[in-house]
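A.B. asks: Letter by letter, the chains look like this.
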Amino acid sequence: MTTQVAEANTPINPVEPFLRMDRMPHIWCPGCGIGTTVNCFARALTSSGYDLDKVAIVSGIGCTGRVAGYLNLDSFHTTHGRAIPFATGLKLANPELKVVVYSGDGDLIAIGGNHLIHAARRNIDITVVCVNNMLYGMTGGQVGPATPNTAIASTAPYGAFEQPFNLPFLADSCGAVYVARWTSYHVRQMTRAMREAMAKPGFSFIEIVAPCPTLYQRRNRLGDGLDAMKYYKQRSTRKDGASTRDVDIDFQGDIVVGKFIDRERPTFLQAMNHRFTERLGSRYTPYPTGLED
Amino acid sequence: MSAATQAGAVKKKKKKYQGRIYVDRERCKGCGFCVEFCPFGALELETDYNAKGYHPPFLAHEDKCNGCDLCGLYCPDFAIFSEKIRVED
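Heads up: the sequence lines are chains A and B, in that order.
Note that the first sequence ends on residue 293 in our numbering; no numbers are left out.
Note that the second sequence ends on residue 89 in our numbering; no numbers are left out.
Chain A with its partners taken away, still in its complex shape:
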């Protein structure tokens, strides 16, 4: 782990209790933003004070999908795109759990896109953290559903020409109750957003724009991860409550960040209990929703 001579009372990194240290160092490239988001997630868990035995983390496949394997929580690394269905089952069977889906844009929006829209429509009480690196990182930099127009990828040598998804708009229009976007530069804001999203009953969605230095930055000749972070610093503008319709990301254009949606809707289990009680009266015993206290 380290060759440094550790002093007897050297304090440990505050993130280390949340990590499986036997699996370190991680596979993420130098300058990748995913590790930064993990830091923020660990701090959000620390400050929100949840019982860590009641927090479960689910990931799909991809670079961000490795997070479930690195975090020292109850976690599951699902098949490609199926993080949300697994999390849905986990939440419905164990409503007292705090279920967090932590995955990338290719996993959640492309292969698992259908699951995302239906979980948002039903308002399943889970938190989705989507780290958007603009392409399929682990498989070699292919065009994904969030690749901006004209960006060069391994399957788009002349630049991508497909209309990319606007992720906050997608989540908003499907019915998510909390939608925010930050970049990996906005560490304090991201930490706060993760804390708020976990506390929010219902489907909460956080998009985190993160650099992919090896595939996205290098192919587009945009420098390394640090250059991407400087670009986020310069070109992102905070607009809380902005209409999600207007928050598209263009290639190297302005990035609108902030908390876009924060509204109340009955969760799936609340709606189910409400309907069955309405219909069956005292014959129905309400199912625990995990929200009563």
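Hints should not be assumed to be uniformly reliable.
A partial selection of chain A residues facing chain B, derived with a Cβ cut-off under 8 Å [as the list claims (entries may be wrong)]:
(1) THR10
(2) PRO11
(3) ASN13
(4) PRO17
(5) LEU19
(6) TRP28
(7) PRO30
(8) CYS32
(9) THR36
(10) ASN39
Listed next, the stretches of chain B that the computed footprint assigns to chain A, with coverage defined by at least 3 CB atoms under 8 Å from CB atoms of chain A [as the list claims (entries may be wrong)]:
(11) 31 to 40
(12) 68 to 77
Simulated pairs of lysine-lysine, BS3-like, Cα-Cα distance not exceeding 27 Å [as the list claims (entries may be wrong)]:
(13) LYS54/A <-> LYS200/A
(14) LYS52/B <-> LYS230/A
(15) LYS239/A <-> LYS200/A
(16) LYS230/A <-> LYS16/B
(17) LYS16/B <-> LYS84/B
(18) LYS64/B <-> LYS233/A
(19) LYS64/B <-> LYS84/B
Hint data in this document are derived by calculation from the structure and do not stem from the laboratory.
Quick reminder that beta carbons are idealized off the backbone N, C-alpha and C, glycines included.
Following the hints, put chain B in place on chain A, whose structure we already have.
C.D. replies: Chain B in isolation, oriented as in the chain A frame:
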């Protein structure tokens, strides 16, 4: 932003905290996030290499660090963090 206001506040008020930096040199991949985004410019990259061939950061300006742990929050490799030490004034 928050970094700028923090820096301003420190200049006006009497400094009560001093920071101490802990770097795991071998885990560092030299991305430079901590050096770039330190609100006080306290860190610099070493000229030496670690075993992987990267330049880890070190605390070049001890008096500037107040232990805000922003470096720890940025570090994608969990290689650096800082702690606040209360200084008697």
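A.B. asks: Against chain B, with CB atoms and a cut of 8 Å, does the hint on THR36/A hold up?
C.D. replies: The hint holds - THR36/A has a Cβ within 8 Å of chain B, the shortest such distance being about 5 Å.
A.B. asks: Min Cβ distance, ASN39/A to chain B: is it shorter than 8 Å?
C.D. replies: holds, 5 Å
A.B. asks: Does PRO30/A pass the interface check with chain B, least Cβ-Cβ distance below 8 Å?
C.D. replies: holds, 4 Å
A.B. asks: Does TRP28/A meet its interface restraint, that is, does its C-beta lie within less than 8 Å of any C-beta in chain B?
C.D. replies: holds, 6 Å
A.B. asks: Would you mind confirming whether the straight-line C-alpha gap from LYS52/B to LYS230/A stays at or under 27 Å?
C.D. replies: With a Cα-Cα distance of about 25 Å, the restraint between LYS52/B and LYS230/A holds, given a limit of 27 Å.
A.B. asks: Within a Cα-Cα threshold of 27 Å, do LYS64/B and LYS84/B meet the stated pairing?
C.D. replies: With Cα atoms ~12 Å apart, LYS64/B and LYS84/B stay inside 27 Å; holds.
A.B. asks: Is LYS54/A within 27 Å of LYS200/A, Cα to Cα?
C.D. replies: The given pair, whose Cα atoms are some 16 Å apart, holds under the 27 Å limit.
A.B. asks: Regarding the pair LYS239/A and LYS200/A, is the alpha-carbon distance no greater than 27 Å?
C.D. replies: holds, 20 Å
A.B. asks: Count the residues of the region 68 to 77 of chain B with a beta-carbon closer than 8 Å to any beta-carbon of chain A: does the count reach three?
C.D. replies: holds (count 8)
A.B. asks: Need the status of pair LYS64/B, LYS233/A: alpha-carbon distance at most 27 Å?
C.D. replies: It holds: about 22 Å lies between the C-alpha atoms, which stays within 27 Å.
A.B. asks: For the hint on ASN13/A, just tell me whether its beta-carbon gets within less than 8 Å of chain B.
C.D. replies: holds, 5 Å
A.B. asks: Do three or more residues from the region 31 to 40 of chain B put their C-beta atoms closer than 8 Å to C-beta atoms of chain A?
C.D. replies: Result for this restraint: holds, n = 5.
Hint check: violations occur at hints 4, 16; the rest are consistent with the structure.
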